[in-house]
Amino acid sequence: MDLILTSISNITKEEMGYSEWIDLFGIIITALLSWWIVNTIQKRIDNQRTLKDHLISEILSIRTDYRLMLINIKIGESHPKYLKIKLKDLNIKTTDIMKIVSNKYRIDNKYLNHYQHDLNWLITDNKEYINSFKTDSKIILSQESMIHFLIFEANNDHLFNDLIVRINDSN
Amino acid sequence: MTTINIAKDYSLFTGLRHCNISEKSGEDFYHTKLNTAFKEAFEKEDKLTIILDGVDGFAPSFLDEAFGNLVYDFGLTNVKAYLEVASLLEPQWIDMITQQTYPQWEKRREKNIFPKKTITHKPWFRIVDSKIECKKWI
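From first to last, the protein sequence lines are chains A and B. Position 121 (the first sequence) corresponds to 121 in my numbering; numbering is contiguous. Position 68 (the second sequence) corresponds to 68 in my numbering; numbering is contiguous.
Honestly, the hints are just simulated from the structure, not real lab data. Please note: incorrect hints may appear among the correct ones.
Said to hold, decoys possible - Selected chain B positions facing chain A (Cβ under 7 angstroms, derived; list incomplete):
| id | residue |
| --- | --- |
| 1 | 21 |
| 2 | 56 |
| 3 | 57 |
| 4 | 59 |
| 5 | 60 |
| 6 | 89 |
| 7 | 92 |
C-beta: ideal position from N, C-alpha, C; glycine also.
Using the sequences and the accompanying hints, generate a full structural model.
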């Protein structure tokens with residue numbers, strides 16, 4: 001802006017014709033317009049980035065909760081009734097965040113449904129889970145169950161990273 | 001329209017599939033609440049709505065057993081016509097019930113593969129040759 005004002009001051013010291021005034025007017029309008037566009041668009045880009053960062057951090061937090069839940073099951077530190085409540089809590093959080101992700105970035109809001117569905121069945125239909133349910137005692141997985149849990153994690157862990165990449169790449 | 005809110009009308013805490021492995025199981029919910037409520041809705045040609053939200057969470061086997069038995073006793077066409085399952089918080093259960101439980105139990109009904117009963121229940125309703133009958137079927 002200083003450069004423009006200095007130029008105007010220099011120009012007006014000399015005699016200016018009609019066309020020069022039009023040119024000058026054009027330069028000022030263009031400069032103002034550029035300033036407005038840069039500010040507005042930059043603000044919009046910043047807002048979009050902030051929202052993306054927020055949603056990504058929420059998804060990371062959900063992934064961490066799932067991971068911690070699975071670790072606790074594997075080390076025998078989980079009780080069946082608490083797990084049922086925790087699964088519900090994560091179902092709700094995931095549904096909620098996926099609604100926003102779907103609205104903003106046109107990503108299928110059921111993207112994590114299979115993960116949730118399969119994990120809910122894996123945990124609550126597990127033999128050791130069922131045996132511990134009545135007394136709400138700690139679940140101690142058998143070797144066979146442990147393998148099922150490890151396979152589930154190996155097959156599905158990429159889903160959250162894929163989702164984050166898709167959000168990041170979305171316009 | 002009749003509504004059953006599981007949390008208010010049945011229990012805040014739901015169990016697993018069968019009565020012999022947990023209290024407030026899907027089998028128990030079906031025999032103490034859902035079977036009779038659906039029979040009444042069917043007779044009145046009224047819609048029965050089951051509200052899932054509000055309980056401490058569901059084991060999917062609870063829902064599968066409860067709504068699967070309904071399909072087994074009344075047929076998929078009638079269940080689709082007179083039953084609505086509602087959940088704002090966990091809509092994935094509705095998908096599971098309609099896309100997985102319904103067709104699997106309808107096949108079971110067609111093949112006469114009886115549902116497992118783990119305790120003795122009072123007589124319950126079933127449609128046989130388009131008529132409602134009430135007895136101990138198993």
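Consistency of the hints with the structure:
1. Because the smallest distance between the Cβ of residue 21 (chain B) and any Cβ of chain A comes to about 5 angstroms, under 7 angstroms, the interface hint for this residue holds.
2. The criterion of a C-beta within 7 angstroms of any C-beta in chain A is met by residue 56 (chain B), whose closest approach is roughly 5 angstroms, and the hint holds.
3. With 7 angstroms as the threshold, the beta carbon of residue 57 (chain B) comes within range of chain A, its nearest partner Cβ sitting at about 3 angstroms, so the hint holds.
4. With a least beta-carbon distance of about 4 angstroms to chain A, the hint placing residue 59 (chain B) at the interface is held under the 7 angstroms criterion.
5. A hinted interface residue such as residue 60 (chain B) counts as satisfied when its beta carbon comes closer than 7 angstroms to some beta carbon of chain A; here the least separation is about 5 angstroms, so the hint holds.
6. At its closest, the beta carbon of residue 89 (chain B) sits 5 angstroms from a beta carbon of chain A; the interface hint therefore holds under the 7 angstroms criterion.
7. Nearest Cβ of chain A to the Cβ of residue 92 (chain B): about 5 angstroms, under the 7 angstroms cut. The hint holds.
Hint compliance for this structure: no hint is broken.
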